[in-house]
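Chemist: As a plain string of letters, each chain reads:
4 protein chains.
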Amino acid sequence: MNTHSTASLPGPGRLEAFSDGVLAIVITLLVLELKTPHLVAPDDAREALTVLVALGPKFLSYLLSFLFVAVFWINHHRFFRLVQQVDTGLLWLNILLLLALSFVPFPTSMIGEYPNNAVVLALFALVLMTAGLAFNLMWRHARSRQLYHAGVSPALVARATVRGLVGPALYALAAVLAFVLPPAAWVLFSVIPLFYALQRQGSTVE
Amino acid sequence: MNTHSTASLPGPGRLEAFSDGVLAIVITLLVLELKTPHLVAPDDAREALTVLVALGPKFLSYLLSFLFVAVFWINHHRFFRLVQQVDTGLLWLNILLLLALSFVPFPTSMIGEYPNNAVVLALFALVLMTAGLAFNLMWRHARSRQLYHAGVSPALVARATVRGLVGPALYALAAVLAFVLPPAAWVLFSVIPLFYALQRQGSTVE
Amino acid sequence: MNTHSTASLPGPGRLEAFSDGVLAIVITLLVLELKTPHLVAPDDAREALTVLVALGPKFLSYLLSFLFVAVFWINHHRFFRLVQQVDTGLLWLNILLLLALSFVPFPTSMIGEYPNNAVVLALFALVLMTAGLAFNLMWRHARSRQLYHAGVSPALVARATVRGLVGPALYALAAVLAFVLPPAAWVLFSVIPLFYALQRQGSTVE
Amino acid sequence: MNTHSTASLPGPGRLEAFSDGVLAIVITLLVLELKTPHLVAPDDAREALTVLVALGPKFLSYLLSFLFVAVFWINHHRFFRLVQQVDTGLLWLNILLLLALSFVPFPTSMIGEYPNNAVVLALFALVLMTAGLAFNLMWRHARSRQLYHAGVSPALVARATVRGLVGPALYALAAVLAFVLPPAAWVLFSVIPLFYALQRQGSTVE
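Residue numbers (my numbering), protein chains in the order written: chain A, 150 to 355; chain B, 150 to 355; chain C, 150 to 355; chain D, 150 to 355.
Just chain A, same shape as in the assembly:
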């Protein structure tokens, strides 16, 4: 299918396709954590409303994780547009990234169930931080091993590797804040995907 010269490793195309598959599945599986609530009076609209409102933290955690994974999907593509070659190191860093992202449904469900529990919020923050760090390591690894296309500007890569630390740093902060002021952790969880969404890594390739 490709040349045989890099036959020992999946090419960027396959790695991207596999990662796409995993991300599409994670983003869709999240809904399975939303269990049908029990109504004492099945036809009582008022009770249904009360029960649905009480599920608020679950809906919010669902939304946050959905956006988080969606933003990762976008940035993952932007990254692989720049990459010409995949070596063993990049392959395993990508698997570490997929591991962190595949794990997301568990802490998502946890914070939806226990939205004021410091340890639970910190777990969520640490899992997302791990994903962010794994991705940042991918940027750095590809730079040090010169895996980018020839036309990719070093300045762009330098900016991306610096910006890519902002997310993990904010998640680390959220993990700490969880123990002091849980709502502040929720605020950070809501803000960080927006930051990633707007950071336009790799937005120009010259």
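Hints are computed from structural coordinates only; laboratory data are not their basis.
Think of the CB as a built atom: it goes at the ideal place given N, C-alpha and C, for glycine as much as any other residue.
Hints are supplied without guarantee of correctness; some may be wrong.
What the hints assert, rightly or not - Sample of chain C residues facing chain D (criterion: CB under 10 Å; computed from the structure):
no.: 1; residue: Pro186
no.: 2; residue: Leu212
no.: 3; residue: Ile223
no.: 4; residue: His226
Position chains B, C and D against the provided structure of chain A, taking the given hints into account.
Modeler: Okay, now just chains B, C and D, sitting in the frame of chain A:
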């Protein structure tokens, strides 16, 4: 893989592939909301029949959501056949669409469990309405930003953007009807996918 | 991506890819119906063995459905190799097929739980029969609308459409046998995938 | 899409794509076996920590199976890079492999729940051993039927078929050790994926 000129955004091909993946997963996950019912007498055929008949609303809600997602898959493809370029706005509208569609299993399970509950039926209607509106916004956005192929007739796009509001309007009606006459909401839920299936958006490209 | 002449319908490639996705998901989701059994004494190897042996019908139903879907995947590809064009009718017959196959995890779980219940066994048989009939209708539809590649021999299609009825007929028989002699239905469930696997539809294209 | 000469069988591309899909789904579904634990005091950080620590064996079994499937994905690709043609035998051996890998979530959940149960640990070992053996049979089958590309060195294939038995042999050993010293089985489960990861099958194609 593609030209580097639009390197900052996933091309239509990748966006379509990712959306396809999500839709294939949603449509297949719906079955997980059908839990194996409990039989007091495991070998009693009569009891099994009674129990299965009692699951009628669940089977119907499964079928309706399956068709809804299937019709969306078809129309999503028809739309992207016409699109030449994806910009940030279209990307995020598409993610909003996927969010609404990925969420469908939750209200599907809810109406199967509480088929006469006004709030539950309205929730189902509002989620499907959101999906329809997100898709309609995609049509409008692509028009205002001129993202269509050169050969796509403006009349076709104009018709599609108008017709694309019929579905959401009917779902809004279903949300209201749910509070007055729940069975009427079910009738609308059954009729709307047929409407979408037959509307042949983008059926001619000149 | 393709020519615009058939822009109103997904091409065979996309329909195949979407169907592949659904089948890959169904075949993998089946395992979720196997719940971790409860052990009174967590470390008791003997109890674990007893419990696992008691799960025999669940493992067997898992295996049968896995093979059934796998065989469908193979034959689905063989069919689409022969098809040049997809029209609306074929599209909707394929969606009917996917509906039946996506539903398979539910009756699979049911027969695993209630392996001697006539109604449950008949439900499983009818779902698989529906899938077989939908596929057979696809063969017939493609013939009557001349959707096959020019080189496909009419004799091959004629043989396939006849052979394609053997499976559904045997499932209908299994549905009847379920009420008379449940183990006989199980025997048929085990034999039919083998029949499909060996029938080599479309094995020669001249 | 391809030539019609092998129309009776899915080409390596489709088989690979389907296998990729199944592996991506399996690896992502594993997380569903991690159920949200119950906290008596929802806001008690200490209790959350205790409960999460008690889930240690579940997290470890999740991690081990994730790595196992990831390594299989890599080696599966390496194998198919070398294969030019897929015959019926290879197709069915690949389906056997997918069957074993799709089943992995069940024993994974079992060892997470009952980490000291000899029969449960042996079941996990036997499922992974089956996957390894199926893969080894694929290597052997492709050799005996000459399905490899012309340029693939016989020495490479010979090494791979020998090395490919080390994993299954170690899993067989783990199954035995489970009855004597359960922790030793866990050690083997942790070590074997590393062995596979490092064995670089097909790393050179001359």
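Chemist: With 10 Å as the cut and Cβ atoms as the points, is Pro186/C at the interface with chain D?
Modeler: Holds, because the Cβ-Cβ distance from Pro186/C to chain D comes to roughly 8 Å (cut-off 10 Å).
Chemist: Does the CB of Leu212/C sit less than 10 Å away from some CB of chain D?
Modeler: OK, holds: Leu212/C within 10 Å of chain D, min 8 Å.
Chemist: Holds or violated: His226/C as interface residue toward chain D, Cβ cutoff 10 Å?
Modeler: Since the shortest Cβ distance to chain D is 5 Å, the answer is holds.
Chemist: Given a cut of 10 Å on the nearest C-beta pair, is the interface hint for Ile223/C held or broken against chain D?
Modeler: 7 Å, holds
Violated hints: none; the structure is consistent with every hint.
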